[in-house]
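A.B. asks: Sequence:
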Amino acid sequence: MLCQRVQELYLTDFIPSAPVLITGGAKRIGLALAESMLEKKIPVIVSYRQPYPALEELIKKGACCIQADFSENAGILAFAEKVRAQTGKLRAIIHNASSWVAESPDTAPQDTMAMMLQIHVYTPYLLNLELEECLRGQGTAGADIIHITDFVVEKGSKKHIAYSASKAALDNMTLSFARKLAPEVKVNSIAPALILFNPEDDASYREHALNKSLMKIEPGESEIVNLVDYIMRSKYVTGKTLGVDGGRRLR
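For this note's numbering, add 61 to where a residue sits in the sequence shown, where the first one is 1.
If you're looking for bench data, these hints aren't it; they were derived computationally from the structure.
None of the values given here were measured: they were computed from a predicted structure.
No incorrect hints appear here.
Derived DSS-like pairs (lysine-lysine); straight-line CA-CA distance at most 25 angstroms:
id	residue 1	residue 2
1	K121	K101
2	K273	K219
3	K241	K301
4	K102	K122
5	K101	K88
6	K296	K102
7	K301	K216
8	K121	K102
9	K88	K122
10	K219	K277
11	K296	K101
12	K150	K122
Cβ-Cβ distance ranges computed for the label pairs, FRET-style:
id	residue 1	residue 2	range
13	S265	P166	16 to 26 angstroms
14	G308	L190	33 to 43 angstroms
15	A264	K88	19 to 29 angstroms
16	K88	N287	13 to 23 angstroms
17	A264	G300	32 to 42 angstroms
18	S218	E261	17 to 27 angstroms
19	P114	A139	17 to 27 angstroms
20	K101	K277	25 to 35 angstroms
21	Q111	R240	27 to 37 angstroms
22	T168	G300	28 to 38 angstroms
23	E268	L190	38 to 48 angstroms
24	E142	D290	26 to 36 angstroms
Where a beta carbon is used, it is the ideal one built from N, C-alpha and C, also for glycine.
With the hints as extra help, turn the sequences into a complete structure.
C.D. replies: This is the structure we're talking about:
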């Protein structure tokens, strides 16, 4: 059964959709996506690793928030079981959970690669398989999987080699799941470059980052929110990677 607040919303007959599952939905882009869905009266299930201030407000608005540990496969499988206990159907899975870890002399390179593969590859791979039946049975193009990858997939990164490789694997996995799940489920990737600065980013870093794109702006989470809305409304777009990079590839 769905969390109590989501159940109450269902009883009002205002919700036309099965829930959308957003991993890493308690901050930044994931939070913006969750809030946007709730504003549209779409029920939301959010995974979070640790408590964030926004969780309480999300719960008040009707989100079902489930703590998850994706650092081990057992935690991924346990989370999938909790989702199935909440709902029999999912309108979409948005794989937003991510970790931006650079190679470091303080961490063995094999450990860095293992961490990146765990969150960016094993987690979406296992969740897609475990929750496949929740996505099926809603008609042609009735459900979506959206992988949040990264612009770095196109160019690689000398400082984030494992991160880049794991996101590239996720990007490729989009093609395989699109073929496996069509025509019931559309599977696409969104590959952002700079979307939102961190509060600790100084003026020098911000200027350098802005100059990497043609548009030279910090676009904000609405760019991802709007693109997710487009993908979910489409009946025909699948197996695609949609860049949100301000023309960075042309610099």
